[in-house]
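Trainee: Sequence:
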Amino acid sequence: MMKKMSMSTSKTSLVLFLCQIISALDVPLDSKLLEELSQPPTITQQSPKDYIVDPRENIVIQCEAKGKPPPSFSWTRNGTHFDIDKDAQVTMKPNSGTLVINIMNGGKAEAYEGVYQCTARNERGAAVSNNIVIRPSRSPLWTKEKLEPNHVREGDSLVLHCRPPVGLPPPIIFWMDNAFQRLPQSERVSQGLNGDLYFSNVQPEDTREDYICYARFNHTQTIQQKQPISVKVFSTKPVTERQPVLLTPTGSTSTKVELRGNVLLLECIAAGLPTPVIRWIKEGGELPANRTFFENFKKTLKIIDVSEADSGNYKCIARNALGSVHHVISVTVKAAPYWITAPRNLVLSPGEDGTLICRANGSPKPSISWLANGVPIAIAPEDPSRKVDGDTIIFSHVQERSSAVYQCNASNEYGYLLANAFVNVLAEPPRILTPANKLYQVIADSPALLDCAYFGSPKPEIEWFKGVKGSILRGNEYVFHDNGTLEIPVAQKSNAGTYTCVARNELGKIQNEVQLEIKDPTMIIKQPEYKVIQRYGQVSFECIIKHDSTLLPTVTWLKDNDELPDDERFLVGKDNLTIMNVTDKDDGTYTCIVNTTLDSVSASAVLTVVAAPPTPAIIYARPNPPFDLELTGQLERSIDLSWIPGDENNSPITSFVVEFEDALHEPGVWRYQTEVPGTQTMAQLKLSPYVNYSFRVIAVNRIGRSQPSEPSEQYLTKSASPDENPANVQGIGSEPDNLVITWEPLKGFQSNGPGLQYKVSWRQKDVDDEWTSVIVANVSKYIVSGTPTFVPYEVKVQALNDLGYAPEPSEVIGHSGEDLPMVAPGNVQVHVINSTLAKVHWDPVPLKSVRGHLQGYKVYYWKVQSLSRRSRRHIEKKILTFRGNKTFGMLPGLEPYSSYKLNVRVVNGKGEGPASPDKVFKTPEGVPSSPSFLKITNPTLDSLTLEWGSPTHPNGVLTSYTLKFQPINNTHELGPLVEIRIPANESSLILKNLNYSTRYKFYFNAQTSVGSGSQITEEAVTIMDEAGILRPAVGAGKVQPLYPRIRNVTTAAAETYANISWEYEGPDHANFYVEYGVAGSKEDWKKEIVNGSRSFFVLKGLTPGTAYKVRVGAEGLSGFRSSEDVFETGPAMASRQVDIATQGWFIGLMCAVALLILILLIVCFIRRNKGGKYPVKEKEDAHADPEIQPMKEDDGTFGEYSDAEDHKPLKKGSRTPSDRTVKKEDSDDSLVDYGEGVNGQFNEDGSFIGQYSGKKEKEPAEGNESSEAPSPVNAMNSFV
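Residue numbers (this note's numbering): 424 to 1703.
Treat the hints with care, since some could be wrong.
Quick list of in silico lysine-lysine cross-link-like pairs, DSS-like style, CA-CA up to 30 Å [unchecked claim]:
(1) Lys1182 x Lys1170
(2) Lys1109 x Lys1170
(3) Lys861 x Lys932
(4) Lys516 x Lys1262
(5) Lys679 x Lys705
(6) Lys1262 x Lys1286
(7) Lys1324 x Lys1286
(8) Lys932 x Lys491
(9) Lys472 x Lys491
(10) Lys679 x Lys472
(11) Lys1008 x Lys982
(12) Lys1188 x Lys1309
(13) Lys969 x Lys954
(14) Lys1345 x Lys1281
(15) Lys949 x Lys1008
(16) Lys1309 x Lys1262
(17) Lys969 x Lys916
(18) Lys969 x Lys997
(19) Lys997 x Lys1109
Worth flagging that the hints you see were computed from the coordinates, not collected in a lab.
Assemble the whole structure, with the sequences as input and the hints as a guide.
Mentor: Below, the structure written as structure tokens:
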């Protein structure tokens, strides 16, 4: 045997064939063959080499392999055996090597960092996976730093540093403002690759205090926010222009190393005024076409899929009107190992030779090392047939024990490649996979290819013979392909017959026969011809064909290589195409295509439409009826009818319709006889015996049908015995002991003579009985009584008249009557597939016991009880029918966790048989339905009470409930999602520590051990405090629905009227009304209807100086109204929260204070003049007015005035609002405390505080607190 060095040059195709077998997913082969072949393991799926996992989720390390026998799996971690049985958090999937590390139930992802490798092993060898490095992702917090404001002169450059925390993988950087809007970027302002924000020159519009750098960590779906950076641009006139200077990179040169296949990113950002323009060139070459892109306003050069040829010097040039600057980046492209020739699986026969080749390239050149079954080949068990020569393993005279899996490792400093390739030594006798007696049909003079797909090891030799005992085929007449196919290049009729393929090797021999038939080619013997036709004329194309009698041709006509128009003017006949009333759009090429299952031919012709000569206006009408009908050539079974056409009335006659009347059997009834083309004026008509014929003719043109002609003379044909027998003969029993024979009687003109009768004959089938016959009158049914139940009968019905019998009729098989089945199906078994689906099996009943036509089986099944509720209900039986002789069926739509019963019955044409014994089965648990309800009650400032009902269909034992909720902001965006697990025996929950006046969305579902059921959602809102605009309605115990709603009711009051306005959220076209009354009064509310759907209304006729209460509602929505608002008539006010200095009580208080001070001064002046002393401070302490005393900062008690010498500022106090309530929001955490205290500011709740709050410097933050963005992650994702 000649030795081969590789699979691709093997003397046989066995290696290639078996490689296809090994990759059985790619080549569909005989499953029985695949089951019998041994195969070393092959890794089919594995996790990536660098595997970054989410530390909050379970870690799944994939390792899938195939082989015969199925392989077993083991793992190493950091180079040592990893015993998963000793770690309760680690499991391996069944029939798989995939590891699942349970992090969600207490495991720490950091504890499982390391390098993992999977080994798949069976008796033929061991395959190994790549080294899989497991690292959990990290999203660290931003380092706390003190940021000073940036004061920049207009026109100068500026760099705002981001310096994001180092994460795994690195974060995505973007800049936004406090409103979460992307900062606009341009040629002047742009973000660098390192995340810094570069200003080529600053402008006054760049002044702002909210330059915020965000870092998004995709793996953990978190976003970290840097503290806002302040930029203040001051102007100097004039602004000095500057020539370009590079901000990054620095210097005149730099270097860059990139790996082959990666994306090369080079960046140049320049300062200058005017803003510089960036241009890129490659020194000594051109930028690669189709792979070069410019980004970030041409500041970034991007080259994709780089190779060693992209190494070189890249120059960026920054230029403006004052000059230019450049920078040269020296790029070196290195390469991790990549395959030149990866080792391929090798399948050999005992005693054969072969090679495994592993060639890789890289920069630097990778080193090649071999392993055998996962062990370095140097220390692996010796194999005398194996020799390692660098990147090649040479196998000589292999044996079955030489089977193994070899690993080739190609590595350099930038990475490695690992490939598994097995050597599989098989000894198999020949097998032929082509089906036996396969029929091949070809057209004469065409190639014939006869398949002989085979398999064997060593590769079998293939020989072909013609005939069972013919000689071996040789010579130039045949071509023998390596895959076993026999080719006859030009098949002739003489080549038809039986061919035998023989495959043999040293282990055996096998043969297979195939049949070859040679068919005559299809030909068009009369092709369509070129036509020129006048408009509105008629044209016909012929297409007459000749074909093999065993092939069925189909003829298709095309116009301009497309389907014919859907137009009734186009008439397709057997051998022609006719176009009526031709128009200009019919001009074109017409093609006749003839197809058979083996060949296809076509022929074309062109139609040219020309204009008809001008003619006067033509009146078109239906043709006049034909006349002068004449009968000639009278015979017993035929006659000739001729006529003279009437006037066609300017529309050509297209056809003539001939009708007849049988005056003997159906006088006055005209029936269709035949139709002939409009060019004929004579027709030969076929006649039936014993009919008194009259004929008439109708002419047809494009306009319509003419009136019938006058009838011809009558012609009576002679009587004869019937030509045909009744149709549709059937034998079906109506009772268990009879046979009903039915048929369709002959029509009058089919009787052929007088005295029509029927001979009915029957006999039991498969029994040596004589025919029993009876002659009956002209009826359509005969009943045979006293028959056995459901036995087959042969039945025939023959027509006869006074002149004799019709031809011998054909026999049909009928059955006597059916009876109910006697036996119930046995061995009923139920296999529960899942919680809603079961499969039922049964043994078929003996056909004799069916006693009728087996129509199928019916399965009756019903639910007995639910296993979770133990409550019985009305039993509703369900029925499924399975047609035919099926022995199994699927029962869908079952309820989980329930007990069922079923029985099976056989069905025939008569009905159902007895039921099988009831079979009890139970469905497993499923996921529950949604909770029956979710109510949210008792809203407070920071809490809500949730109540719920258990699922209507628990479908198992409830294990817990899951509550998820998240806030919704004013733009209906969702905030962070919070999840809570609740025990299954709870039915309510109080959620605390919520934000006040905040809308929340809740998602609630139940769980069984199988999983989570569908969820129910609800929305609710926490209330504002008692001083806010929104207040709970009187008697409110439940949270009011969010939509629709009326909010922000405001009033502007004058002496006798008030303008009421509001905001509405809900369906369109609501009809509003306003209710009002005197505040504190128990009188009924007065109601005013708002005209249309306006959101404002004017209340008139009010009493000056009176406090009123008001609320707004919508018609037709029960209980749907706004919260109450209170206003007082008097001078018009812009809003309820106005300057305190304009309040009447405050003005009066100030006047009283001024008067008191004046009196004290007068008293002091009098005492001083008398020489006495008056202790003003003690007097004021004794008679202090609480309205003007400040409050102590710590406990809210009244403080004291400072002495004139102290010069101390007044201590911060809490202002009492006009409604005499202390607002909770006016605390030490007010926004004023952290701002610059400018007059005219508003507190967190909107109250005016500017005139009474002293300035307070911002205090430095304490501790190393996180500066993570307070906004929802989802909001951030919409910008990145």
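Trainee: Between the alpha carbons of Lys1109 and Lys1170, is the straight-line distance 30 Å or under?
Mentor: With Cα atoms ~17 Å apart, Lys1109 and Lys1170 stay inside 30 Å; holds.
Trainee: Next pair to validate is Lys861 with Lys932; report whether the Cα-Cα distance is within 30 Å.
Mentor: holds, 20 Å
Trainee: CA of Lys1262 to CA of Lys1286, is that 30 Å or under?
Mentor: The hint holds at about 16 Å.
Trainee: Measure nothing beyond the straight line between the CA atoms of Lys679 and Lys705; if it is 30 Å or shorter, mark the hint as holding.
Mentor: Status holds; Cα separation ~14 Å.
Trainee: Is the Cα-Cα distance between Lys1345 and Lys1281 30 Å or less?
Mentor: holds, 20 Å
Trainee: For the pair supplied as a hint, Lys679 and Lys472, is the alpha-carbon distance within the 30 Å limit?
Mentor: Holds, at roughly 25 Å.
Trainee: Below or equal to 30 Å on CA atoms is what counts here, so check Lys1309 against Lys1262.
Mentor: holds, 13 Å
Trainee: CA of Lys516 to CA of Lys1262, is that 30 Å or under?
Mentor: Distance of about 27 Å is within 30 Å: holds.
Trainee: Are Lys949 and Lys1008 close enough, with their CA atoms no more than 30 Å apart?
Mentor: Given that 30 Å is the threshold and the Cα spacing comes to 26 Å, the pair holds.
Trainee: Lys997 and Lys1109: Cα distance at most 30 Å?
Mentor: holds, 22 Å
Trainee: What's the verdict on Lys932 and Lys491, does the C-alpha distance respect the 30 Å limit or exceed it?
Mentor: Holds. Lys932 to Lys491 sits at ~26 Å (cutoff 30 Å).
Trainee: Taking only the CA atoms, is the gap from Lys1188 to Lys1309 under or equal to 30 Å?
Mentor: holds, 27 Å
In summary, the structure agrees with every hint in the numbered list given earlier.
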